Structures are given as structure tokens and as C-alpha cells.
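Undergrad: Reconstruct the complex from the two isolated chains, following the hints.
Line order of the protein sequences matches chains A and B.
Numbering of the first sequence is given in the numbering used here, commencing with residue 1 and proceeding in unit increments.
Numbering of the second sequence is given in the numbering used here, commencing with residue 1 and proceeding in unit increments.
Because the hints were derived from the structure by calculation, they are not lab data.
Any given hint could be a false lead.
Claimed, not checked - Not everything, but these chain A residues come out facing chain B in the computed CB check (under 10 Å):
#1 47
#2 51
#3 72
#4 84
#5 87
#6 90
#7 146
#8 147
#9 262
#10 263
All values derive from a computational prediction rather than experimental measurement.
Beta carbons are placed, not taken as given, at the ideal position from N, Cα and C, and that holds for glycine.
Listed below are the residues making up each chain.
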Amino acid sequence: MSGIRFDSVSVAYHGTTVLDSLDLTVEPGEVMALLGPSGSGKTTALRAVAGFVRPVSGRVLIGGRDVTALPPHKRGIGMVVQQYALFPHLRVEDNVAFGLRAQKAPRAGIPARVTEALEMTGMAAYARRYPRELSGGQQQRVAIARALAIRPGVLLLDEPLSALDAQLRSGMLAELARLHRELPDVSILYVTHDQVEALTLADRIAVMDRARLQDCGTPQQLYRAPRTEFTASFVGNANLLPVTVADAGAVFAGRPLDLDTGRAAPGATATLCVRPHLLGLGEGPNALRGTITEVQWRGSTHRLYVDVGGHRVKADLPELRETPALGDEVTLHFEPRDAVLLAAGVTDA
Amino acid sequence: MLVHSKGGRWAAWSLFGILFVPLFALPLLVVVAASFATRWSGAFPSGPTTANYASAVQGESLQALTTSLVTALAASLLALTAGTWAALAAAALGRRGKRVLDALFMLPVAVPSVVVGLAVLVAFSRPPLLLNGTSTIVVLAHAILVTAFAHQSVSAAIVRLDPAYEQAAASLGARPAYVLWRVRIPLLLPSLTAAAGLCFALSMGELSATMMLYPPDWMPLPVRIFTATDRGSLFGGSAVAVVLMATTLLVLLAVSRVRTRASYR
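Same shape as in the complex, but just chain B (with noise of 0.2 Å):
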């Protein structure tokens, strides 16, 4: 909608500051500034250092942030292969076969996560696919948590991928993979980043399910978080939850760099 009035200008943009600063902007801004400080016991924080980013970069922090970067790559790449290809195989169904398919990848999102981790702790624990206690078990939920998302979002634009590309493929003589290969998935490639980013993305900050099942050595970031304020080390629990805000967005805008070289129109 446009605003044209100076008033209703000005009316917008305090409502956006309004909702925004308090929502959005200032619990952001007060983890960074507590990852800065050694007491908060005024208004403000205070005893400025940056030791606390220094113990945030190395150790257990360290490997807390690689262990999600890992696990937040392979079950993004996971979900999006697989996502993907239940996306391609529904469109090729009919629309009965396709919405079952829908409605079969939106499960793990309208289940509550703590019970996909529950089920998934149930389903692995014992032979013959004994998980538990590994790094898998940890990619395998997250992988399954955010197929969902990357499913939807292939499906959007497979949807809106105009037909004639593929016809006339197939009218060149191109055969059905070699369609897909060289037409629809290069066609594909700007959604397909968008969902890799947002996979990723759900994957860094996932806790809830993570924490029924991670191993004593595969610990991800946020549950280093939430241990380590748990415990009352507030201070450190925000450095490291900056870094892990800071690694993903440098991610998403990496990918996000590869979108906009990939979109062609």
C-alpha cells in the first residue's frame, strides 16, 4: 500500500518503529551488549571487555560452532535432496498423489519439535538402526525438521516454471533426465538456494528437539547457549549466541550472493 500524505507517512513509520524496536531490534541489541560486559546490575551494563569473545572463539565454543556448521550444512543439504525430489516426483504425480505428498512433508512442522525429537530418539535407540548417542542421530532430526521447508518452497516454484522450457527440450530431442539436468534444475537453482539459506538457518538455531538427543561430543551452538546461561554464565552465553547470530547471516548473505547470480530473469 502506498502512504501519500505526509501525516499517514509519518503515522506508518511510527508504528513500524513502534513494533519493530521493541520487537525485533532491542532484545538483539541487549544480547550484544551483555556479550560486552562483565556485570549488569544498573540500567545499563557495565565493566566493558572482550574476553568473553575471546573464550567464545576457541575451546568448547569453537567446537560447539563447528559441530552446527557441520550439522547444519549436512542436514540442509540432506533436506534440500530430499526435498527436492519428493517436490519433482509430486509434480509428476497428478493433484491427488501431490497433496497427500504436501501434506506428508508438513508433518514435521506441525508437530511440536520436542515430540519429532522424542519419536526420533524412540525410532533409533535400538537395533537394527542404532543412532543414539552419535552425531547422525543429530543431522537425522534436523534434516527432518526442515525438509518441510525446502519441500514448500521447490514446489512453489516448480509450480511457476513455465511447461514450455521442458517441451521444448523433449521437442529438441533432450531426454527426461537430461531435462531436468541442463532445463529445470538450472531453471530451479535461484529457489533452490533460497531454501538451502533457510534450511541452514532453521538448522543453526534449532534447540528444543537437539536437546533430547545430542551426544556429549556433538554439542551444536545453541545448546551451548542455553547451558551456559542455564548455569548463569549470562555474559559468555551472549558472546557465544552473537557469533552464532553473526555466523549464520554471513551464510545466508553468501548464499544469497549465489542467488542473485542465479536468477536469470
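This is chain A alone, in the form it adopts within the complex (with noise of 0.2 Å):
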């Protein structure tokens, strides 16, 4: 059983820091993902840990061990990344095993560790080909299935579906969580910038931007309660409405709404947070009236872009019988309890 701890490590290139004193811990055969726009530092900690780059300062540790200044075939960890990396000289077999051969595993064992880790990724009748002569999810399969042969205590998984077709991309990623349910002992760090990704398969999330850890925990806290607008904007693409926290709920563009504002003092600005297809149309609880600037159908849903009082709101309503027309008065309106109120400038934290 091996986790993996980032102790407040920075990873600097040429003076630029591209992760700050990133402090969060893996559990032992936990999944995390690690999610953010590109450039927010998510790869440079998978690669840290992977013992690509160097931390300029702090630790990396990998079952309690420290190997911040271990080389990389030392660590014990199996990886997979975005462009599979296959070696292109060697049949899926011999790739799956060069793990085994490069660690002089008892050689009687390997070909039975081979076709074990082969089977597990439904690859083992392609034993024999080379990676050119299979598709792209076939070749990721064969990537995990190489990763996983050497056993590892700790799995690193960078973008491993980005490569993949949407349709391959939602099999690939049923895949993944059940190969997660017969290997409950690994963890898994899996950097993805697709939140669809990171809520299916991750018992937690860890949001990145800027280099900066912005917000860790269970998929369900951070799309139900996110702390910081970043991490509500991009878990689920949240409104992100300025209020002045009231009394008795808050004041969006002139107009009181009724919602818990928690500790919010009154007469502070804060950020209202509430989920496009939380959003109902017609009258309700805390209507907000205004006019249709946009209308796009999605197939199942319709999104309207609202402009209420100056400030866009977007909604996600179940396929409309009468398209909405542009300009259009709608009003729209929310329960208090799908609402979350941020402490506004959470994002610069």
C-alpha cells in the first residue's frame, strides 16, 4: 500500500514557478485527479512525482518514503501518458514486458505477467502485434497494461484519454473505473483538464490554476460546494453573479433574494454561485427577470444566455417545445438550496 505526498513542492523553469508549494496527499489506493486549464501546474506535480523535474523546494514522498532526489526508474511507479509513448521497435508483448526485463523480474514468471496485465486490458489477443498496427484506444490499453505489469504501488496517469474520440473516451473511462475496483490497492494520480473526467472516476479532486492548489475534495463537495469561484466556474461552469449580502439572504442587481448567507456579515459583497440546470424558467423563489441574448440548442437541452440587469446568467433548461425568440422577456429563478455564496476575491487566494 503506497500513497504519494507532495510536501509544499515548487517546481520552478528559467525563474518562472510553475507549481507553488503544492501541499496534498494521495491515500493509499485512492483516486485523485488532478484538474485544471493547461499551464495551471497539474502536469508539472504528475511529473514531479514521476521524477521528471526536479522541486526546487519540498518533498515528494511515495509510500512514506522520501524521493524527491531518486531518478525516475528508481520510484517504482507505472505511467501512462497522452501520446501512449509505446516503443515502436517492440510487439504489444514485448512492451508490456520491458518493465519486467529491465528490473531482471525471474524471467520463468514474465510471461505470465505479461498475458495477466494483457487480459486485465482485454488486449491479449494483440499480443504479437506492434503499436502501429492497433488503434489509438487499443494502444492506451496496451499502455496500461504495460504500466500495470511491473506492479506498481502508485499509478500516474497524464491526460490518458485526451488522445481518444469522445465516444472511446467514455468506454475508456468505465474501463479505468473498473480496472480501479480490481486493483483497490493502487493509487492513482490522474491529471486531466476535462471535469467530466475527474467526477466519473476520482474519489477526489484537486482543482489547479496558476500553479496554485485552488481547492481539494470528494466530486460531490466541490460541484455542490465549491469554496472559490475558479473552482466553481470550472467544475460544472457555474453563474457567477456579484450580490451585497443582506439580512436575510442577498441583493442581485437591485433585487433581494432569498438564500442562507451563512456567516456573510450584511452589507458585504460576495459571489453568488448557482448551477445553469438549477435554473428554472418562469416564476418561482428568487426570480430573476431579464433578456434573452442567446439561444443554443444542445439536443436534450436548450441553453439561454440571459442578460439580467447587466450581467449574463446562463441557463440549461430540458429541450424547449417553443424556441425562445432573442430579446425575448424570460424570467428565470432557482431554490435556495441549489445556491452557494462565495466570500467575494476567493479566487485570489
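TA: Here it is, written out as C-alpha cells:
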């Protein structure tokens, strides 16, 4: 059983800090997603675990052992990258056996381990093929089998699905979830910019932006009760509206709203966070009146952009019988429990 | 550039013909024609014979061919080893170190080969490293001259090599030496064979530095062609030249066959 611990890890390239004192613990057997836009430092964090970048300060621990100064080949990790990086001159079976041979595993045991890893990823029938004879999805399965064959305590996945098309991606997502159930002892660090992947697969999500950890929690926590504006908008693309806290509720665009203000002091400015799909059309509690500025039909839903007192509000509504027209006056509403109030300026934390 | 119009295509082909035929094809054809002749007094050679070839593939000429082959093989192996090693080292050195090393390896190309020949001659003409008059000095001079090409083409290939392969190998627990022999060298193989072919061809044709260095018992084929024609034996020399050309081409063909089998993507 081995987890990963980042102990205020900082990484800098040519004087630019790309990872700023990251503190994060991945428990043994846990799937931790590092979620963030490109340039957020998530891949750098993964590469610091793999040993391909050396932190300027801080420590990286794998299974309680300080590996900060250890070269990659001594860290006992499995890694899968976006472009698979299968060795093109080796057959699938030799790719999978590579780690075992490199580590001088007993020769007699290698074929069984290779078969086991290939069966786990459903690629046993392709053992004699070369990587160039496989499709992208198949190559990715082989790359996963190759990483699993060495039975690592820690599996690092760097955007493993982003080179696949959407349909293949959802299939592989289910496969990865199954693999994790079959290998409950393996800690997985999963780097992605795709919130769906993170929400589906992860036990916990660490949200990163501009070289820093912004938020960390279970998918439900981050989705239902984000702590920062960045988390709220990056995970689930929430509406962020500036409000003023009142004695009971808040004021948005001159109109009172009924919601739980928590410990916020009356008179303070805050950010109201409400998910687009939790807005309803028509009168109701917490009504927002405005003008439609854009309509997008997305098959099962309609996405409306509504101008409410100069603020743009997004609403995802189940497909409407009659498509609203631009310029129509509409009323949106939301339940008080569906909104979260964020202290203003948390983004800069 | 794609040429679409009929006239344009015609013009392109004729330009190619005008440049290629007199510059590349004709001189070679003349050598081939001369190699089958005994006289050449009119517009065309006369007195067709194969006697020139009979003497070109036996005796001293055959010995010179073997000498050339052994020299080229040894020199290109040396150059490939040194050039590849240096290119791999340069890649690990960082930007400034790599630039210095690259410049250093280009030196033998920038300097006229006669100068390289002279330098080698002067440097190894007295103890402790007395190589003057041995076959080693010829191989050494050839190796020095062609290493630049090996180094350059291998370094270019190393730059193109995706670091993801090495990193994947390292993450699987492979030590750096294991990564080098099982991943990097196999992936560089196409470039290595190309470099080997280039070095071999250059060494087979080397004359100017060789002239200054060769001992009587180690006369490579180009020197023999030069001395033969210098003595006025133009047709015999031509036949030897054709043999040199054919041998080099055959070896290059064989190398390129290895190369296509070694390229994976």
C-alpha cells in the first residue's frame, strides 16, 4: 500500500514558478484527479512524482519514502501518458514485458505476468502485434497494461484519454473505473483538464490554477459546495453573480434574493454561485428577470443566455417545445438550497 | 512545389534535363564508355574491349579495392561510434555545451581535407605515436574526415527523438544504460545506418588526404585511379573508377535495405 504526499513542492523553470508550494496527500488506494486548465501546474505535479522534474523546494513522498532525490527508474511507479509512448520497435508483448525485463524479474515468471496484464486490459489477442498496427484506443490499453505489469503501488495517468475520440473516451473511462476496482491497492494520480473524467473517476479532486492548488475535495463537495469562484466555474461551469449580503438573504441587481448567507456579514459583497441546470424557467422563488441574448440548442437541452441587470446568466433547460427568440423577456428562478454564496475575492487566495 | 500547367511541367522537365544530363549523367556515362575502349581519338571511343575490366578486378587493382573497402568499413565504424557517442553526450550537456561540441565536430569539414591529411601526418610521424607508413594512419585520417557527418546526422535524429519514450522506459524501472541500448539506440537505428552509408561512401572516394598518408602496401582505389590516369592509362583507370562506383553503390543499396527494415513508423 503506498500513497503519494506532496510536501510544499515548488517547481520553477528558468525563474518562472510553475508549481507553487503544493501540499497534497493521495491516500493508498485512492484515485486523486488533478484538474485544471493548461498551464495550471497539474502535469508538473505529476512529473515531480515521476521524477522528470526536480522540485526547487519541498519533498515528494511515495509510500512514506522520500523520493525527491531519487531518479525515475528507482521510484516504482507506473505511468501512462497522453501519446501512449509505446516502443514502436517492440511487439505488444515485449512492450508489456519491458519493465519486468528492465527490473530483472525472474525470467520464468514474465510471460504469465504479461498475459495477466494484457488480459486485464482486454488486449491478450494482440500480443504479437506491433504498436503501429493498433488503433489509438488499443494502444492506450497496451500502455496501461505495460504500466500495470510491473505492479506499481502508484499509477500516474497524464491526460490518458485526451487523444481519443469522445465515444472511445467514455468507454475507456468505464474501463479505468473497473481496473481501479480490480486493483484497490493502487493509488492513482490522474491529471486531466476534463471535469467529466475527474467527476466520474476520482475519489477526490484537486483543482489547480496558475501553479497553485485552489481546492480539494470529493467530487460532490466541489460540485455542490465549491469554495472558490475558480472551482465553481471550472467544475460545472457555474453562474457567478456579484451580490450584496443583506440581513436575510442577498441583493442582486437591485432585487432581494432568499438564500442562506451563512456567516457572511450584512453589507459585504459576495459571489452567488448557481449551476445553469438548476435554474428553472418561469416564476418561482428567487426570480431573475431579463432579456434573452443568445439561444443554443444542444439536443436534449436549450442553453439560454439571459441579460439580468447587465449580468449574463446561463441557464440549461430541458429541451423547450417552443424555442424562445432573442430579445424575449423571460423569468428564471432557483431554489435557495441550490445556491452557494462565496466570499468575494476568494479567487485570489 | 507542384506544377499544374502542361507548359510549366514541360519547362520544369527540360530544365531538369539541361542541368542533370551534362552535369551529372554525361561525365559518368563518359567514364563508363571509356572503360570499355582502347582508343578515343574521334567523337566516340573505339576498339571495344573488356580487357580493362579483366585487369581492374585482379592483381593490384583488386588489392586496392580490398584496401578501400577495409579502410571505409573501419573508418565509418570508428566515425559512427565516436560521432554517436559524442552526439548522445552533447544532448545531455545542455545548450552551451552542445554548441561547443557541435562546432568542434564540424572542424574537419570546415578545414580542407589536404590540411587534415597534413595535420595527421605531422602529428603521428614521431614517437610515442608513430603511425606514419602504416595502414592505421589512413583509417584514422578517414575516420576524422567523416566523423563530422556521422555526428551531425545522429545529433539531428536525437533532437527529433521524443523524450516520452525514454521517460516511459525510466518510469518502468529501466536504468539509463538499459534505456540507451533497448530504446534509444533501436529508435535511432534508421539514422545510424544512414550515417554509416554516408561515411562509407565519403571514405570510399577520399583522395586528397589519403595522397599524403598512404603507405606503399595500403593504396586505396581512388589513389590507384589517380596514379593510373596520371601515367596516361586513361581507359584502365576508367574501368577501375567504374568498379569503385559500382562497389560503393552496392554497399549503399544494402545499407538502405537495412534502413527500411529498421524504420518503424
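Undergrad: Each hint needs a verdict: does it hold in this structure or not?
TA: We went through each hint and held it up to the structure:
1. 47: Given a least distance of 9 Å, the restraint on residue 47 of chain A holds.
2. 51: 8 Å, holds
3. 72: Residue 72 of chain A check passes; min Cβ-Cβ to chain B is 4 Å, inside 10 Å.
4. 84: Holds, because the Cβ-Cβ distance from residue 84 of chain A to chain B comes to roughly 8 Å (cut-off 10 Å).
5. 87: Interface hint status for residue 87 of chain A: holds (6 Å vs cutoff 10 Å).
6. 90: Constraint on residue 90 of chain A satisfied, holds at 8 Å.
7. 146: 7 Å, holds
8. 147: 7 Å, holds
9. 262: 45 Å, violated
10. 263: This hint is violated: residue 263 of chain A lies away from chain B, its Cβ roughly 46 Å from the closest one there, beyond 10 Å.
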